[in-house]
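**Q** One-letter residues, chain by chain:
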Amino acid sequence: MNRILRKLGWMAQRSRKEAELREELQFHLQEEAEQAEAAGLPAEQAKWAARRELGNVALLMEDTRATWGWTCLERLWQDLRYAARMLRKNPGFACAAVLSLALGIGANTAIFSLLNGVVFRPLPVADPQQLVQFTNTIPLWETGSSIARDLYAYPQLERFQAQSKTLSGIFGWTGLGRINVGSHGTSGIAQGNASSDNLFSVLGIRPQYGRFFSAGEDRAGASVAVISDRYWRNRFGADPSIIGGAITLNRVPFTVIGITPPEFSGIAVGSSPDIWVPLHALDLLKPDSKRWTDPLSSAWMQIAGRRRPAISRGLAQAELDVIHRQFLAQQLPISQFSGLETVQRFVYEGRLVLRPAASGMSSGLRDSYEFPLRLLMCVTGIVLLVACANIANLLLARASRRRREIAVRLALGAGRGRLARQFLTESMVLALIGGAVAVPMAWWGSLALVRMISTGGAPLPLAVDPDWRIFAFTGAVSLLTGILFGLAPAVRSTRADPGPVMQEGTRGGGRSSHLLDRTLVVAQVALSVVLVTGAGLFLRTLQKLWTVNVGYDRENVLMLSVDAKLAGYPSDRAGSVYREILRRLQVLPGVKSASASIVRPVDDEFNLLDKVNEIDGRSLPESDVIHVAWNATSPGYFSTVSTPVVSGRDFEPRDNETAPQVAIVSESLAKSAFPNQNPLGHRLGLATIVGVVKDSLYSGARDQPGPLLYYPLFQHGRDQEYGWGFVSFELRYSSLSNLPDEARREVASVDPNLPVFRTKTLVAQTEESLMEERLLATVSSFFGVLALVLACVGLYGLMAYAVARRTAEIGIRLALGARRDHVMWLVLRQTLWLTLAGIAAGVPLALGAAWYARSVLFGVSTADPLTIAVTVAILLSVAALAGYLPARRALRVDPMTALRYE
Amino acid sequence: MSMRAVSRVELLQGTLDLLILRTLLLGRTHGHAIAKHIQRTSGDLLQVETGSLYPALHRLEARGWIAAEWELSEKGKRAKYYLLTTKGRKQLQAEQTKWETFSRAMGLVLNPLNQEEV
Chain W
495 MNRILRKLGW MAQRSRKEAE LREELQFHLQ EEAEQAEAAG LPAEQAKWAA
545 RRELGNVALL MEDTRATWGW TCLERLWQDL RYAARMLRKN PGFACAAVLS
595 LALGIGANTA IFSLLNGVVF RPLPVADPQQ LVQFTNTIPL WETGSSIARD
645 LYAYPQLERF QAQSKTLSGI FGWTGLGRIN VGSHGTSGIA QGNASSDNLF
695 SVLGIRPQYG RFFSAGEDRA GASVAVISDR YWRNRFGADP SIIGGAITLN
745 RVPFTVIGIT PPEFSGIAVG SSPDIWVPLH ALDLLKPDSK RWTDPLSSAW
795 MQIAGRRRPA ISRGLAQAEL DVIHRQFLAQ QLPISQFSGL ETVQRFVYEG
845 RLVLRPAASG MSSGLRDSYE FPLRLLMCVT GIVLLVACAN IANLLLARAS
895 RRRREIAVRL ALGAGRGRLA RQFLTESMVL ALIGGAVAVP MAWWGSLALV
945 RMISTGGAPL PLAVDPDWRI FAFTGAVSLL TGILFGLAPA VRSTRADPGP
995 VMQEGTRGGG RSSHLLDRTL VVAQVALSVV LVTGAGLFLR TLQKLWTVNV
1045 GYDRENVLML SVDAKLAGYP SDRAGSVYRE ILRRLQVLPG VKSASASIVR
1095 PVDDEFNLLD KVNEIDGRSL PESDVIHVAW NATSPGYFST VSTPVVSGRD
1145 FEPRDNETAP QVAIVSESLA KSAFPNQNPL GHRLGLATIV GVVKDSLYSG
1195 ARDQPGPLLY YPLFQHGRDQ EYGWGFVSFE LRYSSLSNLP DEARREVASV
1245 DPNLPVFRTK TLVAQTEESL MEERLLATVS SFFGVLALVL ACVGLYGLMA
1295 YAVARRTAEI GIRLALGARR DHVMWLVLRQ TLWLTLAGIA AGVPLALGAA
1345 WYARSVLFGV STADPLTIAV TVAILLSVAA LAGYLPARRA LRVDPMTALR
1395 YE
Chain G
112 MSMRAVSRVE LLQGTLDLLI LRTLLLGRTH GHAIAKHIQR TSGDLLQVET
162 GSLYPALHRL EARGWIAAEW ELSEKGKRAK YYLLTTKGRK QLQAEQTKWE
212 TFSRAMGLVL NPLNQEEV
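One line per chain: the protein sequences are W and G, in this order. Per our numbering, residue 495 is the first one in the first sequence, and the count goes up by one each step. Per our numbering, residue 112 is the first one in the second sequence, and the count goes up by one each step.
Just so you know, these hints were derived from the structure itself, not from any lab. Heads up, some of the hints might be wrong.
[Stated by the list, open to error] Computed list of lysine-lysine pairs in DSS-like fashion (alpha-carbon distance at most 25 angstroms, straight line):
{"#": "1", "chain 1": "W", "residue 1": "K1165", "chain 2": "W", "residue 2": "K1105"}
{"#": "2", "chain 1": "W", "residue 1": "K511", "chain 2": "G", "residue 2": "K188"}
{"#": "3", "chain 1": "W", "residue 1": "K1165", "chain 2": "W", "residue 2": "K1188"}
{"#": "4", "chain 1": "G", "residue 1": "K198", "chain 2": "G", "residue 2": "K209"}
{"#": "5", "chain 1": "W", "residue 1": "K1105", "chain 2": "W", "residue 2": "K784"}
{"#": "6", "chain 1": "G", "residue 1": "K188", "chain 2": "G", "residue 2": "K147"}
{"#": "7", "chain 1": "W", "residue 1": "K541", "chain 2": "G", "residue 2": "K188"}
{"#": "8", "chain 1": "W", "residue 1": "K511", "chain 2": "G", "residue 2": "K209"}
{"#": "9", "chain 1": "W", "residue 1": "K541", "chain 2": "G", "residue 2": "K186"}
{"#": "10", "chain 1": "W", "residue 1": "K1188", "chain 2": "W", "residue 2": "K1105"}
{"#": "11", "chain 1": "G", "residue 1": "K186", "chain 2": "G", "residue 2": "K147"}
{"#": "12", "chain 1": "W", "residue 1": "K780", "chain 2": "W", "residue 2": "K541"}
{"#": "13", "chain 1": "G", "residue 1": "K198", "chain 2": "W", "residue 2": "K511"}
{"#": "14", "chain 1": "W", "residue 1": "K541", "chain 2": "G", "residue 2": "K198"}
{"#": "15", "chain 1": "W", "residue 1": "K1188", "chain 2": "W", "residue 2": "K1086"}
Treat the numbers as computed from the prediction; the structure is a model and nothing was measured.
Use the sequences and the hints to build the structure in full.
**A** The following block contains the structure:
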């Protein structure tokens, strides 16, 4: 608004100055005339003499105006008007250009919005760049490399808080997973988070209502809760009177003390807890006696802090690393690990590293999607380049048609730079319009992408709405694009030497111009090769992942999870609840078989690890310990998910709490624990092996088959997993129809307070686990096709133009009796050469790109011959199509018309 | 015509600004009078082209060395009067010194004998 006003002011001022200048010159004329008259000239002659003396008034005024310093603006205004006129005259061209630019820029902006939301966007807190997250590296003695992790024990947090001088505040937190929130007799599942009481004060955010934790509030018996703005709106209807009110978390009473501000949705991308409680509330929710005192073996919390303003991250890290190592050096010798050499090494060679946390703490979402999004950023960048090449070619073709006009203008004395600027302005206008159209498109696109990668019903808590970064990105991309496709036409079309152009008549163009056009088309083809190959590789990856034998049958299995603990059942009573649910589910109509387990196939929440260090009562040396993944299952689990039992038996109802302990092993485990022996009857720890089953890939298709150990759920669960985990049920059905609702009803009929969640089919769960791959495959295919269309249009345009220019030549050839297929070949040959050149340039590029993306590929080599062959075939067909239409037009040339046209 | 018989000197680049500033040192006046004054005081040797006078005036005004006001002339017509600003006065001094140094140097180079005679 301000700018418009200023502009109006400038225009008003400008016309006033103009009038004043005219008046000033008028006065000069009169003075001159009067003096001449006084010197004796007749009045009429005096007037003319004065005029002569004044000289070229237009030039004089132009020179004077130039001193006002507005010339630049005025020329820009002129150029803009000229550009608008040119675009209006050519609406088809303008629409095509704006549309392809909007698609290109929009695609980039959409992916950038996601990348921004996942990676760059700072937390909405004061001075986010001061935040650092504590991580530590653990050297891997096998490979010499090291891995980073970010978990610490509670005594470490206390030590850091007590000793650090470089950080102004240090807080710790841990996720609580699902908690059951009860309020006025209703219950619902929410995501919980426990943190030290200084979390909000170190972050520097203020509550929307109520208060946050006060210092010292994080102590035994703490039962206060802060509620997120989103949960407050969804669950409590944004009622401020909830402050001070009572709710229950897993049936334990808590008091609500505050609501977070709306812009704050947690400290890690992709996880937005609904409820925050102090760390010590864990004792009420998930008691664990060793939690507060065990210095080494149970690292369960994450730690972050805020640097003091003048302290660099390196300095803070140096200080904290020392504190970290001193702590370990003190604790290790008096711990249970004092004798273990491997642990000694990892403690002494590990380092504490401070990670910048301005954009949030470490996040699984970020880890999974950062690289795929960067890849897609490359994909959309290439699409934009292809679009640029297209528009550059269109502009070049148009500029060739305007050669005479430009030559005339140059001959009349227009400056080359001035003309070039005019052309460039036109390109910029196109690019900026494209960018403006792109912003809403991109917003829509990024929301669609967020929906696409959101699992489990609710959309991911990911902010993709345009912020200044996105606008800056779009603006910069648009300007760069404008320069990119505008520069070549601007420079080339104004290079013309007026003389020859005026003489050469309607036929246009020297040789050099062909080279540029062709290079652009070849580049388009080459870039399309990269995109199509990429899309092909991602599609093949996805297809391979679906066809891997995972050891269970994905079809016709419905899964749901129930957590009795959240409904207040102690672990000794949970077993009977789960048994009752399973009994009811088994007899549901449409259910062929049902089972229960702790870990479900393709689990996204659990991967339980254990060590086998005792076989048949014999302890294994440290180097022979077998690391296993384990699960606890009910009878019927293997038949329900169709994992074949190779020898022995499945668990049976008689394997209960009082029966002798039994276990089932996977083939891999059998092979590594009992090479060349029958494992049945042997003991692992206290459990006797009663069966061997085929290997399963629990973490999905990318998993490697590894040793798996199964315990009977109803024998093992009471002491173990009921206490903190939950149970999943698998139903093999003959018809799904409304089975999910019926299953939920059955659970509710056991106890309406039992929360049911993660209700989905095994196929859906697999799809979700392949989300990154699907995102890559879908988006890159979409843009691959788009690039192909653009390249096809580019080729077609070039060939159509070439045919139009050679109309006379073709006419003569036909008149002299050239065979039609020869003429056809003449045109097609050129198209094919260009395409082959593009393919030759594109394939090495594609190989390089595939190598860069190798970590996300699966079951297909970076130089997959099939993919490359298909790509080449597709491009050749597209080229044939693009060349065929102009070729056919060439054949329709009537020799007489062609010659007359000349 | 006799008036045109006098051979005139082409104005050197940049000297017009100095001449305008010097003229305005005598007091406020309008563009036409400035041109006439320069012509007269130079003994008709310097003819100021109107085509460069007005751009120069507007340039000096934009730089803040001179200011302009609309006033009634002696004959009662509205005219744009220019006057020297403080900034312009300083500029004039600097330019004048520069010019004198320059012309002395030119003189020395072109007439080395004069120097020896002195």
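**Q** All hints, please: hold or fail.
**A** Hint by hint, here is what the structure shows:
{"no.": "1", "hint": "K1165/W with K1105/W", "result": "holds, 16 angstroms"}
{"no.": "2", "hint": "K511/W with K188/G", "result": "holds, 19 angstroms"}
{"no.": "3", "hint": "K1165/W with K1188/W", "result": "holds, 12 angstroms"}
{"no.": "4", "hint": "K198/G with K209/G", "result": "holds, 17 angstroms"}
{"no.": "5", "hint": "K1105/W with K784/W", "result": "holds, 21 angstroms"}
{"no.": "6", "hint": "K188/G with K147/G", "result": "holds, 18 angstroms"}
{"no.": "7", "hint": "K541/W with K188/G", "result": "holds, 17 angstroms"}
{"no.": "8", "hint": "K511/W with K209/G", "result": "violated, 33 angstroms"}
{"no.": "9", "hint": "K541/W with K186/G", "result": "holds, 18 angstroms"}
{"no.": "10", "hint": "K1188/W with K1105/W", "result": "holds, 20 angstroms"}
{"no.": "11", "hint": "K186/G with K147/G", "result": "holds, 17 angstroms"}
{"no.": "12", "hint": "K780/W with K541/W", "result": "violated, 105 angstroms"}
{"no.": "13", "hint": "K198/G with K511/W", "result": "holds, 23 angstroms"}
{"no.": "14", "hint": "K541/W with K198/G", "result": "violated, 38 angstroms"}
{"no.": "15", "hint": "K1188/W with K1086/W", "result": "holds, 22 angstroms"}
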